[in-house]
Amino acid sequence: MNQEEEFENMLRRAVDGDPDAITYIIESYMPLWRKYSVIDGRFDEDCQQYIIMRALPQIGRFKKYIDQYDEKNGK
Amino acid sequence: MANKNDIRWLFTAYLDDIARHAKIDYIRRQRHKDYEISTDNMPEAPVSLDEQIRQSILSSDKLLIEDPALEDAFLALSKTRQSILSYTFVQNLTPQEISAILNCQVEYVYKQKHLALQQLRKLLDKGGGPDEPGRRI
Numbered sequence: 001m002n003q004e005e006e007f008e009n010m011l012r013r014a015v016d017g018d019p020d021a022i023t024y025i026i027e028s029y030m031p032l033w034r035k036y037s038v039i040d041g042r043f044d045e046d047c048q049q050y051i052i053m054r055a056l057p058q059i060g061r062f063k064k065y066i067d068q069y070d071e072k073n074g075k
Numbered sequence: 001m002a003n004k005n006d007i008r009w010l011f012t013a014y015l016d017d018i019a020r021h022a023k024i025d026y027i028r029r030q031r032h033k034d035y036e037i038s039t040d041n042m043p044e045a046p047v048s049l050d051e052q053i054r055q056s057i058l059s060s061d062k063l064l065i066e067d068p069a070l071e072d073a074f075l076a077l078s079k080t081r082q083s084i085l086s087y088t089f090v091q092n093l094t095p096q097e098i099s100a101i102l103n104c105q106v107e108y109v110y111k112q113k114h115l116a117l118q119q120l121r122k123l124l125d126k127g128g129g130p131d132e133p134g135r136r137i
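Protein sequence lines, in the order shown, are assigned to chains Z and V. In this text, residue positions in the first sequence follow my numbering: the first is 1, and each later residue adds one. In this text, residue positions in the second sequence follow my numbering: the first is 1, and each later residue adds one.
To be clear, the hints were calculated from the coordinates, so they are not data collected in a lab. Fair warning: there could be bad hints in the mix.
[Said to hold, decoys possible] Restricting the straight-line Cα-Cα distance to at most 25 Å, the calculated cross-link-like pairs of lysine to any residue (SDA-like) are: (1) K64(Z) x R8(V); (2) K35(Z) x F89(V); (3) K63(Z) x Q105(V); (4) K63(Z) x D17(V); (5) K64(Z) x D16(V); (6) K64(Z) x K33(V); (7) K111(V) x D16(Z); (8) K79(V) x H114(V); (9) K35(Z) x R8(V); (10) K64(Z) x E107(V); (11) K33(V) x K63(Z); (12) K111(V) x R13(Z); (13) K111(V) x D6(V); (14) K35(Z) x K33(V); (15) K111(V) x K72(Z); (16) K35(Z) x L124(V); (17) K63(Z) x A13(V); (18) K63(Z) x Y108(V); (19) K33(V) x E45(Z); (20) K63(Z) x T12(V); (21) K63(Z) x W9(V); (22) K63(Z) x K111(V); (23) K111(V) x S28(Z); (24) K72(Z) x Y14(V); (25) K111(V) x D44(Z); (26) K72(Z) x D17(V); (27) K33(V) x D40(Z); (28) K111(V) x D46(Z); (29) K33(V) x L124(V); (30) K126(V) x E45(Z).
Extracted from the complex, chain V is given alone in its bound form:
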């Protein structure tokens, strides 16, 4: 039975605090972002980016993205980020499996996936594609 003097108890309380604050911060950021997005072109039923990617990419290893804007935005990502999204959403691999394939750390996979989705959102908001022709982010 864990008690308040256990190192595990201390660490769990420490992480719990971090997670709670991170969630609050995440919700604040989401709300702030909602205010920035124009509602003029909003679809009637907004679909999450993850769902858009799942729907747009066929369930094979070959990437076929039906939405041209999403395809442009996806191709503007670096090859590594493209691979991470592909492994995650097409092949349903876990971050651990992806890190083994890419020979990198798991934290790197988590970070790159997060940044890739963030970039896709930004690019889709701007209409897809990089700022400068041929420039990869």
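Chain Z extracted, bound-state conformation:
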């Protein structure tokens, strides 16, 4: 299994609510959280926590896009 396949597999598991996969996804996107947690040129840890807290419940809602993707690609 290559890196892309592994990521896709973990993403599908995360969307289905697998805690390990969710952790993997959150960790994988740490640079994204950090990028948006810089306010006035300074890293704000509370902001990062807030962003992650907001993103966590949205991971499951990506399922509809996966379904659309699968339908489009005949999976």
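With the hints as your guide, set chain V onto chain Z.
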């Protein structure tokens, strides 16, 4: 090379959008909170809560909080939230390590840490300690 049809690309764009909106929301909330706080008792150089906790807690496993108001507020938190703050700021453990110690999910650690800091701020604004004697939040 990722293209716009990749599932990873779609998901990254999806999260990027969420993170951008969350940041805007966070800044709005912070500004709104700034308006609510009286400036009468503001220190000359405001110190972040994280820094206050780091400064107030000695670098040992035993918790010694020098600021009485912060100590009262800290003790008003539930034991779990106290532990999470202690593991985070005293022992510098990652959320993953804390979740392993507490035998809970990582998201729970993130959430409890966020809520604990939020409660500490509220309690410190009110002068520390719970609303009712002996009541833990």
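Open item on the list: Need the list of violated hint numbers for this structure, in ascending order.
Closed with: 6, 11, 13, 15, 16
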